[in-house]
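Participant: Below are the chains, spelled out letter by letter.
There are 4 protein chains.
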Amino acid sequence: MPLSSFLDDYSEGAHPHILDKLCETNLSQQKPYGDDEYSDKAKEHLRDKLQSPDAAIYFVASGTLANIISIANCLRPHEAVISASSGHILVRETGAIEAIGHKIIVVDQENGKLTPKGIQDALHKNAHYPHMAKPRLVYLSNATEVGTLYTRAELTAVSLLCRQRGLLLFVDGARLGAALSAVKNDVTLPDLVRLTDLFWIGGTKVGMLLGEAIVINNKALAEDFSFHIKQRGGLLAKGRILGVQFLEMFRSNLYFELAKHANEMAQLLSSGLTGAGYKLDAETETNQVFAILPNALIAKLQNEFQFYVWEEVPGDKAVVRLVTSWATSKEQVAAFVKRLDG
Amino acid sequence: MPLSSFLDDYSEGAHPHILDKLCETNLSQQKPYGDDEYSDKAKEHLRDKLQSPDAAIYFVASGTLANIISIANCLRPHEAVISASSGHILVRETGAIEAIGHKIIVVDQENGKLTPKGIQDALHKNAHYPHMAKPRLVYLSNATEVGTLYTRAELTAVSLLCRQRGLLLFVDGARLGAALSAVKNDVTLPDLVRLTDLFWIGGTKVGMLLGEAIVINNKALAEDFSFHIKQRGGLLAKGRILGVQFLEMFRSNLYFELAKHANEMAQLLSSGLTGAGYKLDAETETNQVFAILPNALIAKLQNEFQFYVWEEVPGDKAVVRLVTSWATSKEQVAAFVKRLDG
Amino acid sequence: MPLSSFLDDYSEGAHPHILDKLCETNLSQQKPYGDDEYSDKAKEHLRDKLQSPDAAIYFVASGTLANIISIANCLRPHEAVISASSGHILVRETGAIEAIGHKIIVVDQENGKLTPKGIQDALHKNAHYPHMAKPRLVYLSNATEVGTLYTRAELTAVSLLCRQRGLLLFVDGARLGAALSAVKNDVTLPDLVRLTDLFWIGGTKVGMLLGEAIVINNKALAEDFSFHIKQRGGLLAKGRILGVQFLEMFRSNLYFELAKHANEMAQLLSSGLTGAGYKLDAETETNQVFAILPNALIAKLQNEFQFYVWEEVPGDKAVVRLVTSWATSKEQVAAFVKRLDG
Amino acid sequence: MPLSSFLDDYSEGAHPHILDKLCETNLSQQKPYGDDEYSDKAKEHLRDKLQSPDAAIYFVASGTLANIISIANCLRPHEAVISASSGHILVRETGAIEAIGHKIIVVDQENGKLTPKGIQDALHKNAHYPHMAKPRLVYLSNATEVGTLYTRAELTAVSLLCRQRGLLLFVDGARLGAALSAVKNDVTLPDLVRLTDLFWIGGTKVGMLLGEAIVINNKALAEDFSFHIKQRGGLLAKGRILGVQFLEMFRSNLYFELAKHANEMAQLLSSGLTGAGYKLDAETETNQVFAILPNALIAKLQNEFQFYVWEEVPGDKAVVRLVTSWATSKEQVAAFVKRLDG
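Residue numbers (UniProt numbering), protein chains in the order written: chain A, 1 to 342; chain B, 1 to 342; chain C, 1 to 342; chain D, 1 to 342.
Excised from the complex, chain A in its bound form:
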């Protein structure tokens, strides 16, 4: 019997409703390359939720493609990206942004987050023109790579600074669902429209087979966007498969419900861990739980469950990371918590 996995939020396929719709629409003949009626309708629903009738929306197949395409569209060759040191583009995308020619200026992170102070320091240290690349775009992830959230106040402060200093603001939303559905969250999709130049809404990690939706709020950035999608290999012949999935996610609130479920399972897991007397290494804000467990217990748990051992801590213990998803069941969590007692 396979181990139950808390490794990540992309271990399963898609939510069954998504598959149903793919089957249901399968034989209708549609225009290729994203000009199908499902993509059109999905964008209408999404614009409603964004409260932004004019937002330009594009669907692409992966998060790295969303980042490559968005940044390729925004920057000239001498312009650089500002990112937290934990930024996905910096540490987990194999130099994808440098491969399209752009320097990433690294800023120390605080709980996975960029701060106005960090951005200002980066601007100050990178002002020896023209011997330095010109900072032009601020990249941040919400939820962050370590599962934390930006508050509306934090995002507003970053956005304000960007506008004062002529910087574009771009948000990587690989786990935007988890962020917007978190208990502590006070950010909305319309906030993101208002505060950023462009951002993307991750589908893959919320319950789609694949697919991320790029939303462009700054009209000047929208004009030739589709060229970049095609040039970087992101234009699917059967764009319908992204359209159908996003349509199912956003014609109702399925997207948010699935994200909320994942967060709730993380809360349940957190409660189980603290209830059993173990400490968390970080507050559980979204769908990632970081807990400190004795190594002996970890070894025992690994007979039944898959998860990452994050780092050793003194006293023969370690931090483990447990990720929940739309597909995580209460039963899985309960089984895990039950084993904590020995």
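To be clear, the hints were calculated from the coordinates, so they are not data collected in a lab. Careful: at least some of the hints might be erroneous.
One copy or any two copies: either way a pair holds, since identical chains are not told apart in the list.
With a Cα cut of at most 27 Å, we get these calculated BS3-like pairs of lysine-lysine [unchecked claim]:
id: 1; residue 1: Lys-279; residue 2: Lys-300
id: 2; residue 1: Lys-184; residue 2: Lys-260
id: 3; residue 1: Lys-134; residue 2: Lys-31
id: 4; residue 1: Lys-134; residue 2: Lys-219
id: 5; residue 1: Lys-317; residue 2: Lys-134
For chain A, the structure is supplied; the task is to place chains B, C and D on it using the hints.
Facilitator: For chains B, C and D alone, coordinates are given in the frame of chain A:
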């Protein structure tokens, strides 16, 4: 009622067996990024069909990504690609290859094909080193962009020249299924293994939702291939969705059956057209039919069918292109042919 | 004794006046990176000659750098260059433009020149958006790579088309001196300011050690230009050495006098050739002479002179190319002509 | 009267012997693009001094070009550079290395230097393949950007680690002359041949008009090097001007004498400063002096001398940087020291 479409071979979703397997495997927890068990099994089946136990195989989401990643993997910055003037990378990929830094040296095509003579001329004209980029990789498509086939003898001649002149040979197989399943074809998958350095097997246009399989026969080219997939945005978190589809295609002969069906529908359409007294503009070798019809007839047909009007010809006529697919039914073809009689 | 060379116009160092000035100014302490007083003064003189008080002017070390930097500054990743098939960037710069990510759309040349018709055809054939790179900049060389000239009417027609179609016009002036000093020329520097978005004035081939001056007429293109110079390695620490040379060239009419001398030597050579009964393969418009000589004579001449044998022609003859420069003397030409008689 | 400048080591033109040779050789007709006899002879002399008869040597116009071309030649797209956080390519070249597609992995510096420990940490943190770019080349500068030296033992340790871990070692020698001529130095040119894969010898900052010599010790890296020079705009038509200068530098020991002079002037300045009772902020190892002076004194000195105020320090003082060069005279230093007394 929507028009019946002969526009392309990617108007529908996927063959129902593919969808069934996606549904059936949906909830099993799998390793991400292509390390799932379905991808592993799919590659085993494919290696059997290739008769190449050691072939390195990678699945990616689109044909342009397959081309970008393969060429990025093979070339140093000063090395160039040789392509026919009709090559997809040259005329339909928005400068994707140049965007990763490589010149494409253009060779006149004959029926959409490269010839040894054309390649030799290109080598001769591009030998003024170091003032010219160094030809290093020959790119060709089979079936070609105009629906024609390379014979085994033609491919062998190109391959031999490449090896004599230190050139890599790379085959774009967006419609490889159509080629290998054509009546006139004498090329096999093991031939491609033997004759090329790398090639890819198109899934999208044969009946998958998406997915292309890159096969690397030259071991020296395989070592770091996965870095390029990730760097160019081609590594899907849920790589399983490509694995499941290719597994279904190649555990049996589904891939070839679907391609054969498309070719047969094209033959049926051809026979219907010639039977009704109309001329073809080119022999129907795969799943594309080029026919010459009176403009009045074209206008009438367009009330019920979608297809491209390719070019005007004298006598108030035009060439039309009709593409069939795995999903084209005999009924659709019959309905079209019936309308030819007026 | 070394052979007298008609191979090219960069076989010698610099005109003695240039060297004198380098020596004379050598020990003055100057700001680096082009902010020296010689560069400033050189630009003042040049702006006078351009009749363009606001032109942004930058000096770089080589023609390929001038092309790389100018094009990198002008284009976004999905935008392409239109060039004649004889364009230097296309056939003699080792894929430098593709290496910075841009496709070059090739147009058939007429006497080395682009025509409005050729450009229009290229636009027409490259309009299948977003599957094709977007034509955005027209590149042409004056004098052309085969030594011919654009007339003012021809340049005006190209410029007009560019403005109508939203294309930038960029002129490679590696041999602009030869062009502007040709007997048949009717183009002026102010014409180039008026008709192009940017162009460069070649120094190397007219009599400097090295150095090309990029002139930007379109203000929108000037803002961040210096970043590109630095990023591509074109910003010399001792920018003064370019400044001093251009100052010497343009504080008087030395630049034009040297170019005129080279053209006159070519005319003298032409006259000598036709006077001796030999035919030219092309009219001698600038400082390149193409003549048809018997192979036996060529072999004899090669005992004393260096030049390129361009191509064989029937009747045991060949076209030879003879290039003159600021340093070519009447004596050299006379010695060559004398040998024509046997 | 202009201020006497200690701003940098490239405020003047070239050493008079260099100019003499440029004048003397000016009219000889030479092959272009570096195939001239002066370049050939310069390379012979240099190979003698390197004690490396087979070293491949190339001359280019600027340090940034030397870095761009060398790294473009060495790396595939997914491969990254390791650099100290003070590395010139990282902080003063406008993203030039990223612009050709490569990530730079940053390592904390110690006195401007990379250590084996730092490199090992970088390897450890960048091993999550294929989600991270693959470290492949170690870049360091000697002298460093802050004027310090690598000892032979330090370079040997870095070299050994590189070979154990499959990394190339590349040394930026913009100020290699200053390093090799320093009192404390124990590294030789043959050491660099033995310990590195490639390195370059800076000419500009030692007394040439311009020019850097790239030395390739690893034969596998030499084969197609000249393509990269041309592709990046670094191939001068009149390559002779680099050849003549390097010939003059290396046919005798002029290169080392000029560097030694600059270092001696820095020592003289240091002694003057400490003799007058002021503290140095760092030991003076090469031709850069960092001293702590009262702000009032700084203000007074600025009436006669140009230099950079580096950073404020408590007590109404600041660190100033004073750079000497081949052209700095004892009189200039004496005049400066004299003013220290008030």
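Participant: Could you run down the list of hints and mark each one as holding or not?
Facilitator: Against the structure, the hints come out as follows:
Taking the closest pair of Cα atoms, Lys-279 and Lys-300 come within 27 Å of each other only inside a single copy of the chain (18 Å); across copies the shortest separation is 62 Å, beyond that limit. In the homo-oligomer, the alpha carbons of Lys-184 and Lys-260 lie at most 27 Å apart inside one protomer (12 Å), although the nearest pairing across protomers, at 56 Å, exceeds that limit. In the homo-oligomer, the alpha carbons of Lys-134 and Lys-31 lie at most 27 Å apart only across protomers (23 Å), although the nearest pairing inside one protomer, at 41 Å, exceeds that limit. When the C-alpha separation of Lys-134 and Lys-219 is checked against a cutoff of 27 Å, the pair qualifies both within a copy, at 22 Å, and between copies, at 19 Å.
When the C-alpha separation of Lys-317 and Lys-134 is checked against a cutoff of 27 Å, the pair qualifies neither within a copy, at 45 Å, nor between copies, at 31 Å.
In this structure, the one hint that does not hold is number 5.
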